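Visitor: For reference, the chains in residue letters:
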Amino acid sequence: MKRIESREALLELYRELAGEREKEEKYIAVCTGTACLANGAQEVYDAFKEELAKRGLDIQVKKGEGSVSLRGTGCHGFCGRGPLVAIHPRKIFYQLVRPEDVPEIVEKTVVGGELIDRLLYEDPVTGERVLHEEDIPFYKKQMRLLMAANGQIDPKSIYDYIAIGGYQAMAKAILDMEGDEIIQEVIDSGLRGRGGAGFPTGWKWEDAKKHQSPVKYVICNADEGDPGAYMDRSLLEGNPHSVLEGMIIGAYAVGATEGWVYVRKEYPLALENITLAIEQARELGLLGENILGSGFSFDVKVARGGGAFVGGESSALMASIEGRVAEPRSKHIHATESGLWGRPTVLNNVETWANVPIIINKGAQWYAKIGTEKSKGTKIFSLVGDVNHTGLVEVPMGITLREVIFDIGGGIPGGKEFKGVQTGGPSGGCLPQSQLDLPVDFDTLDAAGSMMGSGGMIVMDENTCMVDVARYFVKFLTEESCGKCVPCREGLKHMLDILTRITDGEGTMEDVELLEELGYVIAHASLCGLGKSAPNPVLSTIKYYKDEYIEHVRDKKCRAGVCKALVKYIIIAENCTGCHVCFKRCPVGAISGEPKGIHVIDQEMCIKCGICKDVCKFDAVKVV
Amino acid sequence: MAMTEVVVENVEQNVKEVLARYGNNPARMIEILQDLQDIYGYLPREVLREVSHQTEMPLTRVYHVATFFKAFTLKPRGKYTIQVCTGTACHVKGSYRVLERLEDVLGIKAGDTTDDLMFTLETVNCVGACALGPVVIVNHKYHAYMTPAKVESLIKEYREQ
Ligand SMILES: Cc1cc2nc3c(=O)[nH]c(=O)nc-3n(C[C@H](O)[C@H](O)[C@H](O)COP(=O)(O)O)c2cc1C
Ligand code: FES
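Chains as they are written, first to last, in our numbering: chain A, 21 to 644; chain B, 434 to 594.
There may be inaccurate statements among the hints.
Stated by the list, open to error - Straight line, CA to CA, 30 angstroms or less: simulated DSSO-like cross-link-like pairs of lysine-lysine:
(1) B:LYS542 with A:LYS588
(2) B:LYS503 with A:LYS504
(3) A:LYS321 with B:LYS542
Said to hold, decoys possible - Far from chain B, by Cβ distances over 10 angstroms, these chain A residues were calculated:
(4) ASN310
(5) GLU530
(6) ASP639
Claimed, not checked - Each pair of labels, with its calculated beta carbon distance range:
(7) A:VAL506 with B:GLU489: 28 to 38 angstroms
(8) A:MET625 with B:ARG454: 53 to 63 angstroms
(9) A:GLU624 with B:ARG454: 52 to 62 angstroms
(10) A:ASP200 with B:TYR455: 31 to 41 angstroms
(11) B:ARG454 with A:GLY313: 39 to 49 angstroms
Quick caveat, the hints were computed from the structure, so don't treat them as lab data. Model, not experiment: these values are computed from the prediction. All C-beta atoms in this analysis are idealised placements derived from N, C-alpha and C, irrespective of residue type, glycine included.
Produce the entire structure from the sequences given, and follow the hints as far as they go.
Guide: What follows is the structure in structure tokens.
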């Protein structure tokens, strides 16, 4: 790789690479994000490689007319439909692709220009086949500022990033702008932190700039502790240079010399791609001494997180980089004054950093037009749970929950009722049907008792028990509480005991009141954000689903059929065909019945594992 | 079933090599322990002692880090590590039922290893494939849309491999 030493050299490289890309007649983009890989995308990629080689079409082998290049790209977002493949230049979008389909795709579509109907997405409403990604309802209402490049570039190639205009914002920032100007631009853009709390990014930078120190740090928080969210991972995996570029700009603005990316260990591909991106940027001279001849020097290191939720909290994260256990400290002094190793430090979330190059490229004014008055830009959500189209969605702030869940997500599968949507992870809350028309922005969600959080959006249908969900989060937080402060450590333990009592059918009405009281104390007396927000899942479910709590306590009933102690499995005689499958599969022999006869479950023996319900093809097993 | 013996070898040498990777800097303790765990599959007592010895850090501090983070384990692990995602999306899709079934079939609780050192059962919080839940990972291979009914054949598949 040749070092780039000036703006002109960067521009020249860009022109050359962009030109090459334009000439690239045909390319196949196979999504190799984590979810698609889990669905077999690697096998699909390999099959393409083999097939192209066999036909002598591989551009790696033969350049020139008719040759085809193959790219493994980052996450396209439509994860529930993976593996995804896009055939360019026509941008034909195939989903649920299997390795067996590959020879046919190459033969018919890549070479012959024909479509393969069964691989196209079928609109569930109109029944029509959809040709292009952007015409699928899932993508239509999205606004993909940050995610768009994911599907177009190979995240392992810095040249791919440069070819789509990468590092131009950095060049503009470090060569044409003063630190204060950049900070003003970020303030004017209205960008707020995407890591959860929504703190204005520009203010944070301004504060760090103010504090004089020969050494300052910027950190990228890629701990992504919310156990139902994966957008940070997808950005780091799919477009690591955009995050890096944001960090360089931020570092220049505040006068930092060293950066850290803190990635959780459970994300091996993200670790690999960001590490590679840093190496490549360093080789090209986009990191290191005297970047583009500007006189500004900056380098970045990667730290692996140890897998603790609290490790994503800012002071705990810094402790962890310093090699100590990830315990938070109280924040009388801000990290912008004394953070990592006692130096002024700016910590921002992955998605926050990725927004920065866009703001510098397009300007604060342009950016501030997107979103609501106090929440600007877009937000990526991981839309998961009981929703038809699961995956990552990027939407402008201010869109309603209903639009996200029903228009983009396609509603609830199996004709079931919507019950709630959880946002904000363990620090957030559940919102019911009545709140669906709320606009998605920081302040509205806060006011409704939930929060934006880092971007988990878990949709729940009628088969989800809200008391169980509250218990789930409290259990998670009890395990993840670092134990340093008493309200969080002891308070959560008691909350968990009470919630367990209720789901076991042994709760009393006083228990529900006690939960509210405890919640108040924990929220006000805890040391860090983990404890302060921990009662949210409980308080919000009591607020919106109190009747379910009451049912558990008074009627010993779980209407969703989740709480084991309160439900039984029975076989509906009219539906039972006597196929005998449940009899064979029951692990404890609790089912009796002859083939072709009606089957019955022995309630004494039943362990409520649910296998009979899973294997029954005739919907004869009911949970009551 | 008799507990299979685990041999811990080359402790001094391995610790030395891993420490060198991080410039003998105890501030990189998390990564040091992760790399050592990659070698042994877990963090044997001897290894923690040796780390403390070579870095001149009190053993209590090494132990504190090794027990604080979920990524570390102080017990030997099985040939196959089965990770059940208990992230929110997977939970809502019923991963707790899959976990219970695995516990039943393997006869161990989450966090434990079978006596024949075949399987270690663990829970993880979100592995980034929420759209495919419930997700179970066996030695890095993802199994999407798991149900309790699929558990037995999954275990059988790995036992026979
Ligand atoms: C318990 C806890 C866990 C957190 N986990 C994360 C996380 O995984 N990722 C993240 O970006 N921020 C996390 N945060 C928020 C960080 O403390 C910090 O506010 C954020 O990274 C700042 O970046 P931003 O301003 O760009 O959002 C967490 C906070 C708390 C209290
Ligand atoms: S919740 Fe299981 S993969 Fe995210």
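Visitor: Each of the hints needs a verdict: does it hold here or not?
Guide: Taking the hints in turn, this is what the structure says about them:
1. Using a Cα cut-off of 30 angstroms, the hinted pair B:LYS542 and A:LYS588 holds, with the two alpha carbons roughly 24 angstroms apart.
2. Between B:LYS503 and A:LYS504 the alpha-carbon distance is near 17 angstroms, which keeps this suggested pair within the 30 angstroms criterion.
3. Restraint check: the Cα-Cα separation between A:LYS321 and B:LYS542 comes to about 38 angstroms, which exceeds 30 angstroms; the hinted pair is violated.
4. No beta-carbon of chain B is positioned within 10 angstroms of the beta-carbon of A:ASN310; the least distance is around 25 angstroms.
5. For A:GLU530, the non-interface assignment is confirmed: its Cβ lies about 28 angstroms from the closest Cβ of chain B, beyond the 10 angstroms cut-off.
6. For A:ASP639, the condition that its CB be more than 10 angstroms from all CB atoms of chain B holds, with the nearest at approximately 15 angstroms.
7. Between A:VAL506 and B:GLU489, the C-beta spacing of about 34 angstroms keeps the proposed range 28 to 38 angstroms intact.
8. Checking the proposed 53 to 63 angstroms range against A:MET625 and B:ARG454 shows it holds: the Cβ atoms sit about 55 angstroms from each other.
9. Evaluation of the 52 to 62 angstroms hint for A:GLU624 and B:ARG454 yields a pass: the beta carbon distance comes to about 58 angstroms.
10. Our hint of 31 to 41 angstroms for A:ASP200 and B:TYR455 holds, since their Cβ atoms are close to 37 angstroms apart.
11. Taken as a hint, the range 39 to 49 angstroms is violated for the pair B:ARG454 and A:GLY313, whose Cβ atoms sit roughly 34 angstroms apart.
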